[in-house]
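Chemist: These are the residues of each chain, in order.
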Amino acid sequence: MSRASRPVPRRRPVRGVRTRRAESSQLGDHRNRLVVGRALLVLTLVLAGLKLVQVQALDASELTKMAEKQRLTSKTIPARRGAIIDREGRPLAISMEVKSLAARPQALAKEWNKPEIVEQYGIDAEGYTAKIAKFMHEELGDSYPEEELLKKLRRDVPFVYLADNVPPDKARKITKRFPAINAEDRELRQYPAGDVAGNILGFANWRMNSQKTEGLFGLENYEDTVLAGKQGRRIVETAEGNNELVIPDTERDVLPATPGSSLELTIDSDVQFKVQQLLSDHVRRAKARSGNAVVLDAHTGEVYALANDKTLDPSKPLNRLDSNDPRLRNPAVTDPFEPGSVNKIITAAAAIEDGLVKPDTVVEVPGSIQVSDRTIRDAWSHGTEQMTFTGVLARSSNVGTIKTAQQVGEERFVQLLQRFGIGQLTKVGLPGESAGQVPPRSQWSGSTFGNLPIGQGLSMTVLQMAGMYQAIANDGVRVPPRILRAVTGPDGKRQPEPRPEGVRVVSPDTARTVRGMLRAVVQDSPDPLQRGTSPKAALEGYQIAGKTGTALQVDPRCRCYVNDKQWITFAGILPADNPRFVVGLMIDRPEPGNPVGVNAGPLFREIASYLVQRYQIPTSPDAAPVQQLTLR
Amino acid sequence: MTAPARVPDPAPPSRGGGGGQRTAERTERRGNATRRSTAAERAYARRAQFRRRWLRVVPHRGVDGVPRAPFVLLVMGLLAVGLLASLWLSTAAGANSYKLEEIQTGVRDLGERAEQLRREVAQLESPSEIARRAKERGMVPAPDPAHIVVRPDGSIEVVGTPKPAAPPPPPPAPQPPPADRPPAGPPAEQPGAAQPPQEQPGQPAQPPAEGPQQEPPPAQDGPQQPPGDG
Chain A
33 MSRASRPVPR RRPVRGVRTR RAESSQLGDH RNRLVVGRAL LVLTLVLAGL KLVQVQALDA
93 SELTKMAEKQ RLTSKTIPAR RGAIIDREGR PLAISMEVKS LAARPQALAK EWNKPEIVEQ
153 YGIDAEGYTA KIAKFMHEEL GDSYPEEELL KKLRRDVPFV YLADNVPPDK ARKITKRFPA
213 INAEDRELRQ YPAGDVAGNI LGFANWRMNS QKTEGLFGLE NYEDTVLAGK QGRRIVETAE
273 GNNELVIPDT ERDVLPATPG SSLELTIDSD VQFKVQQLLS DHVRRAKARS GNAVVLDAHT
333 GEVYALANDK TLDPSKPLNR LDSNDPRLRN PAVTDPFEPG SVNKIITAAA AIEDGLVKPD
393 TVVEVPGSIQ VSDRTIRDAW SHGTEQMTFT GVLARSSNVG TIKTAQQVGE ERFVQLLQRF
453 GIGQLTKVGL PGESAGQVPP RSQWSGSTFG NLPIGQGLSM TVLQMAGMYQ AIANDGVRVP
513 PRILRAVTGP DGKRQPEPRP EGVRVVSPDT ARTVRGMLRA VVQDSPDPLQ RGTSPKAALE
573 GYQIAGKTGT ALQVDPRCRC YVNDKQWITF AGILPADNPR FVVGLMIDRP EPGNPVGVNA
633 GPLFREIASY LVQRYQIPTS PDAAPVQQLT LR
Chain B
2 MTAPARVPDP APPSRGGGGG QRTAERTERR GNATRRSTAA ERAYARRAQF RRRWLRVVPH
62 RGVDGVPRAP FVLLVMGLLA VGLLASLWLS TAAGANSYKL EEIQTGVRDL GERAEQLRRE
122 VAQLESPSEI ARRAKERGMV PAPDPAHIVV RPDGSIEVVG TPKPAAPPPP PPAPQPPPAD
182 RPPAGPPAEQ PGAAQPPQEQ PGQPAQPPAE GPQQEPPPAQ DGPQQPPGDG
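In order, the protein sequence lines correspond to chains A and B.
Taking my numbering, the leading residue of the first sequence gets 33, the next gets one more, and so forth.
Taking my numbering, the leading residue of the second sequence gets 2, the next gets one more, and so forth.
FYI, nobody ran anything at the bench for these hints, they're computed from the structure.
Wrong hints could be hidden among the right ones.
Some chain A residues well away from chain B (every beta-carbon gap over 12 Å; in silico) [unchecked claim]:
hint	residue
1	GLY173
2	LEU220
3	ARG451
4	PRO472
5	GLN527
6	TYR574
Selected chain A positions facing chain B (Cβ under 8 Å, derived; list incomplete) [unchecked claim]:
hint	residue
7	ILE126
8	MET128
9	ASP201
10	PRO224
11	ALA225
12	GLY226
13	THR480
14	GLY573
15	SER641
Think of the CB as a built atom: it goes at the ideal place given N, C-alpha and C, for glycine as much as any other residue.
Modelling step: build the complete structure from the supplied sequences, incorporating the hints.
Modeler: Have a look at this one:
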């Protein structure tokens, strides 16, 4: 509707008449107002623009800094670290949520010495800190003496930590009563089993700079990414100049933390404890330098126990540990040794597999044998003896073994050495694993093949050594040992670790035959010619197959093998007729002449005796047959 | 157009054929305005307004003439109900949030407690702790057990010879008070006497009966074989 048609014009004169007197001046006022208003607006806009340029461009960095100081701080929410449990679900390493309590003594003193505060509460900083210290001591117990807390609270520093590893409920009680005390999230790693499997677990602790628990060594370090989980984030408003001082109820943008996965090991902590105990006891009595032991499942290759004579207790403080301390490694997987006669199993398996000998084949064993420039003798001096091949193994004749090995041939020997896993990593799942050393074929000297069959001149870990016997126990299929059984994710789903592919080493028949021959090692007889090397490894009611070993160590001074430094080894299968476990033992440098140190068979027996009780292994239906070792 | 109150507003029909004539008249009158006094001018205007006093647009009524009141009441009622409902809901939500907070606190406290208990259990059930406590009570690891094997024909065979356990080597240093009983069977007493019940007279009392003539744990072995078999 156009305005023209309205009778408005008629009214205008009316108003116009009424206001005519002031018309001109008022019209000018209006115009002036507009001009002035516009000018003001433009000016304001220009000013705002200028300020904008100043804020956004000129002072930007400085202002950002100031803002950061003042307001929002992004805080991480620690992700709960996954636990490590044994095969029965018993915890070996667990994490606990704890708090660290801190205070800002300078700010506290300043605040509580203000006259109005003193007047209002009738207490000054001195009285207030005394109250805090008293209450904290009451809550936290004797590990936090009142005087010490008080001293910390009154120090002239901006920030001080008062207490660590405080249970959250106590921390809440304290911070609620005294808002001047600040609680920070921490995580405490605990090892409830003490030193049981300490060599496997390693150690993890809280790190201030990353604000989370991190593994230092052992599995804790090796599987850190799996265990750690993912930290969450939250934004909080904090006081100016102190990002630790959170203004209450300003939390936002919470991204929840994802807890880490839990590891289930193949270790049985009972067996581990017992083996650790028996081994360290044996090493102590033999006055040896060290010792390793491993218990494997005969069929799956799962590691039930992996022990060293000295074990770190991760639940105790580690401050005084030297970085070379063997307890920081796991010598059972990191330190290879020369296995000695235990290695004769390779020659035996090869000779049986290739049909060169049978257990009762008679081998003529002279007192010594010449290999290239070296003369190799047996451990006891004798003239030419007629031994069965079983006897060669059971009485551990070096000469007989080398004679048979020469029949087997170097190529075949090397092939089997490899199939038995010697010189290769087992990939057991532990850090720092050594593959041992096998001289490459190209570097063999004339006498090398006089050494390798009797277990000198090559090295392996106790795990690899037990692996060889696991192959014989498992009807010729070697399953590489594993220590990780399953991983349980944060969703609670248990993911079993894939079982490694088995390696066929020898035929099932060969394995059974060799196992049968090895029973003679623990055979006892009044006649020394029919006695195995370790009757004391025998366990009544069970057929035991095993092999003793003694290897000479090299003296670095003369670079020659010396007689007073030895590795004493033993590998055994329990029970031989229906294998359940394989045990590998190594004792390093027992005191020369010490009767305990001569043979590790008795230690095997102790471990075997425990295992049959622990796992209620049925007795063997028949006793092992008496085998003829030497012909008269 | 829906504002009938404004009287002077001409209704659309007034824009009739005579419009042109009136406009002409108006212009003429305005031309004469200078001659008229202000008062007269005002009077004219007032008269024009007065003349149109009764002219207004008749509002259109619904054909059926349904009264509006019930509808309005219904809407008001709905609004009131909605308002009350939202009020009640927000009050309930507020009350529940307190409850929720309380329960969450409870859950947290109980969770912490459960965790602490779990940790204690883990510590107490660890093999080293069990071994320590067993030792404290004077218990020793069992030696090799004998096995009773049941043959398929029902006959039984004892494999191995059952042997009593050796008493723990030295009695743990300080023997606390429980030595109030006269030593009934001197060798039978294990340290930490608080634990085992009274000796049952009827039973052969296997383990602790013959302490002293134990053979030591079976590990010691003579040099039955020359060192260095390898």
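Chemist: Each of the hints needs a verdict: does it hold here or not?
Modeler: So, going through the hints one by one against the coordinates:
Against chain B, the non-interface label of GLY173(A) holds: every CB pair exceeds 12 Å, the least being about 15 Å. Some Cβ of chain B comes within 12 Å of the Cβ of LEU220(A); the nearest lies about 10 Å off, and the non-interface call is violated. A cut-off of 12 Å between C-beta atoms confirms that ARG451(A) is not in contact with chain B; the least separation is 22 Å. Residue placement check: PRO472(A) keeps its beta carbon more than 12 Å from all beta carbons of chain B (closest about 23 Å).
Non-interface call for GLN527(A) relative to chain B: holds, since the shortest CB-CB distance, roughly 23 Å, exceeds 12 Å. Annotated as non-interface, TYR574(A) brings its C-beta within 12 Å of a C-beta of chain B; the closest such distance is 9 Å. Contact between ILE126(A) and chain B, as hinted, is supported at the beta carbon level, the nearest pair being about 6 Å apart and thus within 8 Å. Taking 8 Å as the C-beta cut-off, the interface hint given for MET128(A) holds, the closest approach to chain B being about 6 Å.
A distance limit of 8 Å between C-beta atoms decides the matter here; for ASP201(A) the minimum to chain B is near 6 Å, and the interface restraint holds. Restraint check, PRO224(A) versus chain B: the minimum CB separation of about 4 Å is within 8 Å; hint holds. Look at ALA225(A): its Cβ gets to within about 4 Å of chain B, closer than 8 Å, so that hint holds up. Residue-level restraint check for GLY226(A) holds (minimum Cβ-Cβ distance to chain B is 5 Å; threshold 8 Å).
The restraint placing THR480(A) at the interface with chain B is violated, with a minimum CB-CB distance near 16 Å, outside the 8 Å limit. Taking 8 Å as the C-beta cut-off, the interface hint given for GLY573(A) holds, the closest approach to chain B being about 4 Å. The criterion of a C-beta within 8 Å of any C-beta in chain B is met by SER641(A), whose closest approach is roughly 5 Å, and the hint holds.
In summary, the structure is inconsistent with hints 2, 6 and 13 from the numbered list given earlier, while agreeing with the others.
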